[in-house]
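Undergrad: Take a look at the letters that make up each chain.
2 protein chains.
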Amino acid sequence: MGAVKKQLKPDYDWENCTLVEYGDSDTVKGISKRILIGEEDGATDFFVRYFNVQPGGNSVYEHHPWVHEVFILRGRGTVLLGDTWHDVEEGDVVFIGTDEQHQLKAAPDEYLGFLCVAARP
Amino acid sequence: MGAVKKQLKPDYDWENCTLVEYGDSDTVKGISKRILIGEEDGATDFFVRYFNVQPGGNSVYEHHPWVHEVFILRGRGTVLLGDTWHDVEEGDVVFIGTDEQHQLKAAPDEYLGFLCVAARP
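First to last, the protein sequences are chains Y and W. Taking our numbering, the leading residue of the first sequence gets 1, the next gets one more, and so forth. Taking our numbering, the leading residue of the second sequence gets 1, the next gets one more, and so forth.
Each hint can be trusted.
No copy labels: a pair is met if it fits in one copy or bridges any two.
Computed list of lysine-lysine pairs in DSS-like fashion (alpha-carbon distance at most 27 Å, straight line): (1) LYS33 / LYS6; (2) LYS29 / LYS9; (3) LYS5 / LYS33.
Simulated from the structure, these hints should not be mistaken for lab results. Fair warning: this is a prediction, and the values are worked out from it, not measured in the lab.
Model the full structure from these sequences, guided by the hints.
TA: So, in structure tokens, the structure goes:
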């Protein structure tokens, strides 16, 4: 059955979500994931995750067969699609296609927070 | 290939999105849909739509086999899940399960805007 998960204001955190911290490495820095709608909620085909990137941090530089559907919830940064960087800020929408090389970076002086829907929790 | 769609601030509108206006009837009132990520963007399995509900308006009272994964972007209202109404506001997350009866209503004095991911554009 369905459920409501309240945001734990004033933070970007939510009730009953699973937190995943990524360690820093050559390709990822200062990022965490919260699974807002995952398998435990009853979702099976696509999942809503919230990623928080610290100022100056970045998501993994990667490509894979599944797409990403992204909504920027917080802050400002840049998104790599293929070989082109695009500026993004709160409210913008990003589609990342099948096998498209991609990465998201927060601005040096600001957080970047985004929802990312994918066929992976 | 992927793409960025900028939000057309200060409105809740976006570049290159398809607008669908619903007419008012016994079961739906004061609501419109913007397809933020649809088939034209390359999406095939799940789609990101933004619904804007005017103060006092409501989405369709319905149930169906596909799920909804919802993020409240704007305002305040109530969500029906099965036979129970829940208060929601900006930042909250809602999962609507398979065949679950549901409806979203804006507060009488405030807009309700939400992202809804579904296997329908």
